[in-house]
Amino acid sequence: MNDKKRIEELVEQLNQASEAYYNDKDEVMSNYEWDALFDELTELENRTGYILENSPTQNTGYEESFGEGNREVHEFPALSLKKSKDMTELQKWAGDRPIWLSWKLDGITLVATYDQGKLSKLVTRGNGTAGNNITYLAQYIKGLPLEVSYQGHMVVRGEATISYDDFNRLNDTMDENEEQYANPRNLVAGTLALDSKRAREVSERAVSFNAFTLVHIDDNIVSWGSRMQYLEDMKFTVVDREFTSAEELPETIGKWTEKVRSGAMNLPVDGLVIAFDDTDYAATGSVTGHHATNAGMAFKWQDKSAETILDHVEWSCAAASISPVAVFDMVRLEGTEVRRASLCNISEMKRLGIGADRKTKLEIIKANMIIPKCIRADAGETTFTIPERCPVCGAPTEIRISEKTGTETLHCTNEDCTAKHIQKYTRFVSKSGMDIDGLSEMTIKKFINEGFITDFADLYDIEQHKDAIVTMDGFGEKSFANMIRSIEARRTVEPVNFIYALCIPMIGLDAAKKIIGAYGTAAFFERLENGEGFENVDGIGPEKSNSILRWYALEKNQLLLKKLLERVQVVNVEPVERSGGKCEGLTFVITGDVHHYKNRKEFTAYVEAEGGSVTGSVSKKTDYLVNNDNTSQSKKNLTAQKNNIPIITEDQFLELFG
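The sequence shown begins at 21 in our numbering and counts up one residue at a time.
These are calculated hints, taken from the structure and not from any lab test. Glycine included, each C-beta is placed from N, C-alpha and C at the ideal position. Watch out, some of these pointers could steer you wrong.
Computed Cβ-Cβ distance ranges for the label pairs, DEER-style [said to hold, decoys possible]:
#1 Glu-483 x Lys-451: 15 to 25 Å
#2 Arg-505 x Lys-112: 48 to 58 Å
#3 Leu-658 x Asp-23: 53 to 63 Å
#4 Asp-331 x Pro-562: 54 to 64 Å
#5 Arg-505 x Asn-286: 18 to 28 Å
#6 Lys-275 x Ile-391: 19 to 29 Å
Put together the whole structure using the sequences plus the hints.
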């Protein structure tokens, strides 16, 4: 193939991959593969001088096409940074000028504009020249203030991200009919594509705005570091940063790289950014291709790969699908031993050409030094067996094909399969439930897939599987002993937490408190057995009462409750006799730090003992918002002001209700 033909082929491949990457579709190739092809294209273009107009080396990035908002032309074009993996090139670029190092977060770039102290618009980066107006989602994005103290014209650029913890939580607890997302960035893109009717889901998915540069301000703040501190003072979430120099750069980058390699970073990153402290100097220079030469440089890690031999493919169950996992001969990558890598779905197995036997050679990387990923397979035979029955419950499986992407995924047909209810287990062990440490979603998922637990009660018998658990990745004698100690320490539980842990539909902590307050522990269980409702309890009503009775009417739940009560002791609490307490009939929201009470939990207990109730969010039913920072521009304060709800300090609360 001649050079021109290869250039045309590379441009087409890279643009197809970028279109999928930017527009919430399944990955066509990994970042590792994309970077390798991009480097090849750059070398060919430089050597031949043959550069296509639509080449990714000449454009600011594939245009995003999501969100319901109108297109907005950016006041300041959002150009890309030139990328390098060569330390010498970075040092030469920095010269003898002071520089800052910060994370290159892997999310969706947003541009926030403020006028007269208020957010006037929020726009996606789009193609760098224009993006989609998604201001209707702004109030649900963490770290993005709706009001600021600065009264002039201000433009801030930042990255919308979802942490790895929240990504795993959302994927594992996703409804079975929803398609799983490939990575956190993919999930952010899908989330910011939601229309205004589903805007609240942005908050539920824990999308955060991380400001990485102050693009414009009317005031004269030249230092990049001072600009970032200014944003932080105005309550933006701002990317971590460190002041350094070209001479110190290798040591500084090494230190930051170790944070990623060690797993300390919970946000997805795909490199580091170097910026001049002198923003006036950074604004000079020229624009070549789609890069402003002095605006900054991005450092990309050299992904290291290792070859190994496939041992077998496991099928791992989660809430939404059954996913293939490659298990292979151990390799060392980024200082860790790696034996497993997700293969995502059936379509990815076919794309790679995974075989079913030990003749299959694999090339493995740790994408961004974190996620083990198979990027190539050289199979002796390219057939593999798809399980006809669910590995967890034994029910028949079925292959589903996505209408949007054509992706093939495997699913269990049993609605009651334990693997589909991981979110219930995480609620059961949570602090509001049984408060058992050491049982993360990932650990629970492993135990379910190994068949160690099929219901909540099995957690209390987990010691019988010690021999198998201590040999699992991430476990050993010490971690197993810590887990057992935590389980044993929670054999006695308060009735409110026990009810919450049962995962009865519509019954949260607040409802459980009201029921126990009205009837006490013994009467609660008696009313369950007798089929008597709880609708007479203030704040419960017939809908929640019927939900409890329907839950208990199912034989499987009666058996579960019996098994649990054989393993744990529920504290006997007498009903609370209320006689017109100081907070009788009032609803409070408590936010921020407290100083008179030990913590907000103690504060809440006082309010409830005095006949009041405490909720987590401000609504029209709220009587008082308690916030010692009662002049802040927080979301709760703004909502209270909008609904004419009094905002009082803790001192004022004590004057009124103490």
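Hint-by-hint comparison with the structure:
Checked against the hint of 15 to 25 Å, the pair Glu-483 and Lys-451 passes, with Cβ atoms roughly 23 Å apart. Checked against the given bound of 48 to 58 Å, the beta carbons of Arg-505 and Lys-112, roughly 55 Å apart, stay inside it. For the hinted restraint 53 to 63 Å between Leu-658 and Asp-23, the CB-CB distance of approximately 59 Å keeps it satisfied. Separated by about 57 Å at the C-beta atoms, Asp-331 and Pro-562 satisfy the suggested range of 54 to 64 Å.
The hinted range of 18 to 28 Å is satisfied by Arg-505 and Asn-286, whose Cβ atoms lie roughly 26 Å apart. A hinted range of 19 to 29 Å for the beta carbons of Lys-275 and Ile-391 is consistent with their spacing of about 22 Å.
Figure legend: structure checked against the earlier numbered hints; every hint is met.
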